[in-house]
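J.: Chain by chain, the residues:
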Amino acid sequence: MTLEQVVAHLIDAAEASEVPFMVVGAFAAGAYGVPRSTRDLDLLVAVQTGGGVGEMIRKLDPLIEFDPQTLFDSLTWGRRHVGHSRASPPFKVELFEVFDDPFVAEQFGRRRRLFIPMLNRHTWLPTPEDVVVQKLRWGRNKDLDDARDVLAVQSPEMLDMDYINRWCEIHGTQERLREALEGIPPL
Amino acid sequence: MQSNPHEDPLALKALQGAIYRDKILRSRALTTAQRLEEVFALSNHQVGMMHAGAMDRLGTTDEAEGWREVRRWFERLDAIREHGRFVREITLNS
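Residue numbers (my numbering), protein chains in the order written: chain G, 1 to 187; chain B, 1 to 94.
Isolated chain G, as found in the complex:
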């Protein structure tokens, strides 16, 4: 099984379960920055509407085995469902539930619909500005690299830097933003 086949199943399961979603993590960063490999497929899912994430997980069960216990992210206290592909290769799927956080709610409301020819499907992505803000907020080394790459590829002149600055100020990540911008070489 290929990663794109897993993604196609996820999109189909979310739509069949009427669960609004968007693709986040390495996929969102790669869509706007420098593509890199990943074995994690991260989806941010809304649980207040439709059939709910439980129905989505049940639909995926023949393909993805989810951990029966929900995890909480100790940084944001968001709920997270983790699953692994039953067949090889061992890809990982993570469903992050939208929760009561002003930034998470705003970025979900601003998501964009995009057609992916390889999948022959539409999917949903955050805006590049929201990818930068989210990556700076998580702040692991690879997140900071992803944020810098999105800033470099999209270019600060084309991004809504006022929006990015506003959230970085709220999250206290202005220093990370400054370092990311300084890491972009003259192009």
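Derived, one-sided and incomplete: chain B residues facing chain G with beta-carbon distance under 10 angstroms: (1) 17; (2) 25; (3) 26; (4) 27; (5) 32; (6) 33; (7) 38; (8) 43; (9) 44; (10) 71.
Derived by calculation from the structure, the hints in this document are not laboratory data.
Note that this is a predicted model, so its numbers are computed, not measured.
Backbone N, C-alpha and C fix where the C-beta goes; we use that ideal spot for every residue, glycine too.
The hints should help you fit chain B onto chain G, whose structure is shown.
T.: Chain B in isolation, oriented as in the chain G frame:
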């Protein structure tokens, strides 16, 4: 003969900058959908290389055994990367 950039920090930084600049300019030439398709291609390739490496390391021609080893590697990586990051939901019957 070309000088060794590792012996000259400024030359090494210039080389690193040039490589990164090429990556950025190449990505800028792609559409969003094309970049996503590259994520798929790179990811499938990487896991395939890991599988080949696992089989070689185990000295086996059994593909299933190779995939079990790759799965074990990923579990170890997850444990390291996510240490202290997540807590399990406490349920009454747990």
